[in-house]
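Following the hints, complete the assembly by docking chain D onto the known chain F.
2 protein chains.
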Amino acid sequence: MRNDIKIEYPSSEKIYMRGERFPKLKVGMRQINLTPTVEMVDGKKVIRNNDPIIVYDTSGPYSDPNIEIDLQKGLPKLRKAWIANRKGTLMYYAKQGIITEEMEYVAIRENMNCKALGIESHITPEFVCKEVAAGRAVIPSNINHPESEPMIIGTNFLVKINTNIGNSHENSSIDEEVEKAVWSCKWGGDTLMDLSTGDNIHETREWILRNCPVPVGTVPMYQAFEKVNGKAEDLTWEIFRDTLIEQCEQGVDYFTIHCGIRLKNVHLAKNRLTGMVSRGGSIISKWCQVHNEESFLYSHFDDICDICAKYDVAISLGDGLRPGSTYDANDAAQFAELDTMGELVERAWAKNVQAFIEGPGHVPMHKIRENMDRQIEKCHGAPFYTLGPLVTDIAPAYDHITSAIGASMISWYGTAMICYVTPKEHLSLPNKEDVRVGVITYKIAAHAADLAKGHPGASVRDNALSKARYEFRWKDQFNLSLDPEKAREYWEASNKVGGKYCTMCGPNFCAMRISQTLEDCDK
Amino acid sequence: MRNDIKIEYPSSEKIYMRGERFPKLKVGMRQINLTPTVEMVDGKKVIRNNDPIIVYDTSGPYSDPNIEIDLQKGLPKLRKAWIANRKGTLMYYAKQGIITEEMEYVAIRENMNCKALGIESHITPEFVCKEVAAGRAVIPSNINHPESEPMIIGTNFLVKINTNIGNSHENSSIDEEVEKAVWSCKWGGDTLMDLSTGDNIHETREWILRNCPVPVGTVPMYQAFEKVNGKAEDLTWEIFRDTLIEQCEQGVDYFTIHCGIRLKNVHLAKNRLTGMVSRGGSIISKWCQVHNEESFLYSHFDDICDICAKYDVAISLGDGLRPGSTYDANDAAQFAELDTMGELVERAWAKNVQAFIEGPGHVPMHKIRENMDRQIEKCHGAPFYTLGPLVTDIAPAYDHITSAIGASMISWYGTAMICYVTPKEHLSLPNKEDVRVGVITYKIAAHAADLAKGHPGASVRDNALSKARYEFRWKDQFNLSLDPEKAREYWEASNKVGGKYCTMCGPNFCAMRISQTLEDCDK
Numbered sequence: 003m004r005n006d007i008k009i010e011y012p013s014s015e016k017i018y019m020r021g022e023r024f025p026k027l028k029v030g031m032r033q034i035n036l037t038p039t040v041e042m043v044d045g046k047k048v049i050r051n052n053d054p055i056i057v058y059d060t061s062g063p064y065s066d067p068n069i070e071i072d073l074q075k076g077l078p079k080l081r082k083a084w085i086a087n088r089k090g091t092l093m094y095y096a097k098q099g100i101i102t103e104e105m106e107y108v109a110i111r112e113n114m115n116c117k118a119l120g121i122e123s124h125i126t127p128e129f130v131c132k133e134v135a136a137g138r139a140v141i142p143s144n145i146n147h148p149e150s151e152p153m154i155i156g157t158n159f160l161v162k163i164n165t166n167i168g169n170s171h172e173n174s175s176i177d178e179e180v181e182k183a184v185w186s187c188k189w190g191g192d193t194l195m196d197l198s199t200g201d202n203i204h205e206t207r208e209w210i211l212r213n214c215p216v217p218v219g220t221v222p223m224y225q226a227f228e229k230v231n232g233k234a235e236d237l238t239w240e241i242f243r244d245t246l247i248e249q250c251e252q253g254v255d256y257f258t259i260h261c262g263i264r265l266k267n268v269h270l271a272k273n274r275l276t277g278m279v280s281r282g283g284s285i286i287s288k289w290c291q292v293h294n295e296e297s298f299l300y301s302h303f304d305d306i307c308d309i310c311a312k313y314d315v316a317i318s319l320g321d322g323l324r325p326g327s328t329y330d331a332n333d334a335a336q337f338a339e340l341d342t343m344g345e346l347v348e349r350a351w352a353k354n355v356q357a358f359i360e361g362p363g364h365v366p367m368h369k370i371r372e373n374m375d376r377q378i379e380k381c382h383g384a385p386f387y388t389l390g391p392l393v394t395d396i397a398p399a400y401d402h403i404t405s406a407i408g409a410s411m412i413s414w415y416g417t418a419m420i421c422y423v424t425p426k427e428h429l430s431l432p433n434k435e436d437v438r439v440g441v442i443t444y445k446i447a448a449h450a451a452d453l454a455k456g457h458p459g460a461s462v463r464d465n466a467l468s469k470a471r472y473e474f475r476w477k478d479q480f481n482l483s484l485d486p487e488k489a490r491e492y493w494e495a496s497n498k499v500g501g502k503y504c505t506m507c508g509p510n511f512c513a514m515r516i517s518q519t520l521e522d523c524d525k
Numbered sequence: 003m004r005n006d007i008k009i010e011y012p013s014s015e016k017i018y019m020r021g022e023r024f025p026k027l028k029v030g031m032r033q034i035n036l037t038p039t040v041e042m043v044d045g046k047k048v049i050r051n052n053d054p055i056i057v058y059d060t061s062g063p064y065s066d067p068n069i070e071i072d073l074q075k076g077l078p079k080l081r082k083a084w085i086a087n088r089k090g091t092l093m094y095y096a097k098q099g100i101i102t103e104e105m106e107y108v109a110i111r112e113n114m115n116c117k118a119l120g121i122e123s124h125i126t127p128e129f130v131c132k133e134v135a136a137g138r139a140v141i142p143s144n145i146n147h148p149e150s151e152p153m154i155i156g157t158n159f160l161v162k163i164n165t166n167i168g169n170s171h172e173n174s175s176i177d178e179e180v181e182k183a184v185w186s187c188k189w190g191g192d193t194l195m196d197l198s199t200g201d202n203i204h205e206t207r208e209w210i211l212r213n214c215p216v217p218v219g220t221v222p223m224y225q226a227f228e229k230v231n232g233k234a235e236d237l238t239w240e241i242f243r244d245t246l247i248e249q250c251e252q253g254v255d256y257f258t259i260h261c262g263i264r265l266k267n268v269h270l271a272k273n274r275l276t277g278m279v280s281r282g283g284s285i286i287s288k289w290c291q292v293h294n295e296e297s298f299l300y301s302h303f304d305d306i307c308d309i310c311a312k313y314d315v316a317i318s319l320g321d322g323l324r325p326g327s328t329y330d331a332n333d334a335a336q337f338a339e340l341d342t343m344g345e346l347v348e349r350a351w352a353k354n355v356q357a358f359i360e361g362p363g364h365v366p367m368h369k370i371r372e373n374m375d376r377q378i379e380k381c382h383g384a385p386f387y388t389l390g391p392l393v394t395d396i397a398p399a400y401d402h403i404t405s406a407i408g409a410s411m412i413s414w415y416g417t418a419m420i421c422y423v424t425p426k427e428h429l430s431l432p433n434k435e436d437v438r439v440g441v442i443t444y445k446i447a448a449h450a451a452d453l454a455k456g457h458p459g460a461s462v463r464d465n466a467l468s469k470a471r472y473e474f475r476w477k478d479q480f481n482l483s484l485d486p487e488k489a490r491e492y493w494e495a496s497n498k499v500g501g502k503y504c505t506m507c508g509p510n511f512c513a514m515r516i517s518q519t520l521e522d523c524d525k
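Chains as they are written, first to last, in this note's numbering: chain F, 3 to 525; chain D, 3 to 525.
Simulated from the structure, these hints should not be mistaken for laboratory data. A virtual CB, placed ideally from N, CA and C, is assigned to each residue, including glycine. Heads up, some of the hints might be wrong.
The list that follows gives simulated cross-link-like pairs (lysine-lysine, BS3-like), each with its CA atoms no further than 30 Å apart [stated by the list, open to error]: (1) F:K434 / D:K434; (2) F:K272 / D:K47; (3) F:K272 / D:K455; (4) D:K46 / F:K272; (5) F:K455 / D:K272.
Going by beta-carbon spacing under 8 Å, a handful of chain F positions derived as facing chain D [to be verified]: (6) R281; (7) H368; (8) A397; (9) D485; (10) A513; (11) M514; (12) L520.
Isolated chain F, as found in the complex:
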């Protein structure tokens, strides 16, 4: 295991913003420093500085040169002091109007430096508190994962992205998974699901949790299923319960649990083109059918909530009946499960458990809006967390793209978090490069939605990059981009940095250069 992983971004530095309500709060952000604009005015060189751009940062301590990283010891326990004397979940406090450190932290984080830029923002600690109280936003924060930085998932906040990692029986090692986790944070992953199904599930998760600066989710059924050697029928509530407690103790921040599958609805998937494509969903459906009994995830839902409440673990109500093909989208099976989720989310809230709702899947563009509108109506405003959706089935090897189209649209319509899809979806497990492509693709989808929703300050980075582009400040253009390394690599393969044109147009044909000489005509 490497022990010295650091994250560096070009021309960037780690800065911290202080809390007002909690003056000890230090909210980490990334400041991208820019070069000045150089112009000729009346034959004289005029130099104008460009203010640095401050962006949301998911890299945690890995990008702070003053913090020593030791994977054996794990990350500093940022939230330890805050939670020492807590008596309930964040929702418990929010319902009483009590603002916690996490709430001010995420308010500062979401706003970046809007205040300094004179951009109005609706996001205050009070607003965060209200949104959490109403169930419209979730701050996943297991008391046993104090290493993670608070972040918020809700339709009135920046759209977040989740990345999936995890080994299987077939592939990869603990080392690789920890490296992928940090890699995911480097490129902008907001939460991380460890979907390991192979050997060493517990140990892999431990390494990830102790070294992960973002909330970690799991599908506890996977580990329970391993405990019964892959025989769905041998599962019991007790085995599942013990698995939940084990993972709560370790510090998992949210659980995907397919509680929405009811015995009476399992048959609805029978006439589908692609049946069930959710692993957790298919396992519990099989259990229901073999035993001809209501799912223990449904019948023990209140017990599950009691366990989660004790650790402030959020529940992600998994969509076991999500469509696996555009043909199956928006069918009776899918919507029956959504109705059940709407019932369950209120039961979770009654026990102060934070919750969100998982969504599809494969959905053609014209059926996406219905998914969002129906989710808002049936699930009372609980955050929606979707996998894509993929807008066509015909592009395996490019499903990061087919799904980013759907993901950006559904995020604009209101989805709070989108689960990334890599180019290897449907084909094999992603490697490190696939993770990078998947994360960047989803940052694009999320950011496009932030722009469309008018999130305060979302356009600051776009405008700075476009200005740099127009002024041929190539390095600034790269450094402001989502993947500075790749942009620079593509450019350098055929250009010299500093030129007032690129190989796309050559020296005479650059529209922006000609456009600038037009401006000169007027001077």
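Same frame as chain F, but now just chain D:
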């Protein structure tokens, strides 16, 4: 120069459908042959055949093993006999209700084998004729490019994609450009723009035209600009006119001409973040400003139409004032030009010149719909042809993705053709692999829109691929996909073809496998 370029698709064969009105018509398509479904029923093996899937094919003679390819001679002259006795443009005939070979050809082509599948279609030769007559659809077809297969661009037809190739002073050779042209057709490019700006513009174009089975477009201003050694002010109507005639004679099927830029509107771009990003637009704007005179492209528009009518060259009204950043989207400059285009398109139609309208560019998601609605209103239903739009500026190196999001949305809203963007956009000229990624990405966007618009038979391929996926017919899944080679490559890197699971889930965790055993429970 290689002389033996062929295109092959796995498990596919070239088939031809015959015309009814014109029995000699042979419309080429690709038939993808599938393996049978093998099931166990009551302990017995049951084999069910899967019908082959017929898909739209842009590869022309290159994928027909019975046609000898000789790049020196050029492709067979498919349309030669049809156009021998023509007295006007396709629009001229359409207005009289006369159906030409091209019209039946595209009707057959758009429908694939819908009729045999029992799928109703609105697309008849009569419908094509009406759409062309009304200006709502364009069949680009220079009488001097008889090698190209008829295809139709219009909102009531399959969404088409254009690819750009072409050398510049800085880069690439004729050989490479011809290879890229065929490569673009292989992956699904519907039209091809040769944007060469370097030396040998005429010769490069000649090689491309004689060997290109799809319509070819150009921006004639590029060649005119080279003729005046890159000095915009030295351009004249005569130089431009002669360039047009030269290219008409060669066989270019459509011209992008930035006639929409008016002297009175040039100043509107001055307060933009990124000025003008259209090369043709910036050149003619500079000419206007230097001479303080109305653009000769505008003042000679009727002359341009007369030239185009003689050869049946379509005009693509270029958007010289398209926004180059999300900040500049939907501004006064952009919309003033659109108004002018609306005026010009009616003048083109009056002379029986087919025409379409180019659109942006960079537009955030919430401003896309306005572009489409306004274009329909101002341009009287003429087809819209957009570049993306890119929905954010912050992802150079991934702009095929930022733009595919916008392209799929605007196509769903009604755009008829989308111009591809490669990963190298803003950074350098694309290589062959970039062209492939750009084309596939845009096929995804176009197909997603076809599904959303409910184009007859569009979902047949999705459903066949999803069925193959569910039945673990891996090879069929690959062969039905937009990029069979890449899908297979990703799979084979970590799997053995034929297994009933993949490395994503491993042997025990495959949802689809578990889902199928559920079905078995009932039997």
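Taking the hints in turn, this is what the structure says about them:
| no. | hint | in the structure |
| --- | --- | --- |
| 1 | F:K434 / D:K434 | holds, 25 Å |
| 2 | F:K272 / D:K47 | holds, 21 Å |
| 3 | F:K272 / D:K455 | holds, 28 Å |
| 4 | D:K46 / F:K272 | holds, 22 Å |
| 5 | F:K455 / D:K272 | holds, 28 Å |
| 6 | R281 | holds, 5 Å |
| 7 | H368 | holds, 4 Å |
| 8 | A397 | holds, 5 Å |
| 9 | D485 | holds, 6 Å |
| 10 | A513 | holds, 4 Å |
| 11 | M514 | holds, 6 Å |
| 12 | L520 | holds, 6 Å |
Every hint from the earlier list agrees with this structure, and none is contradicted.
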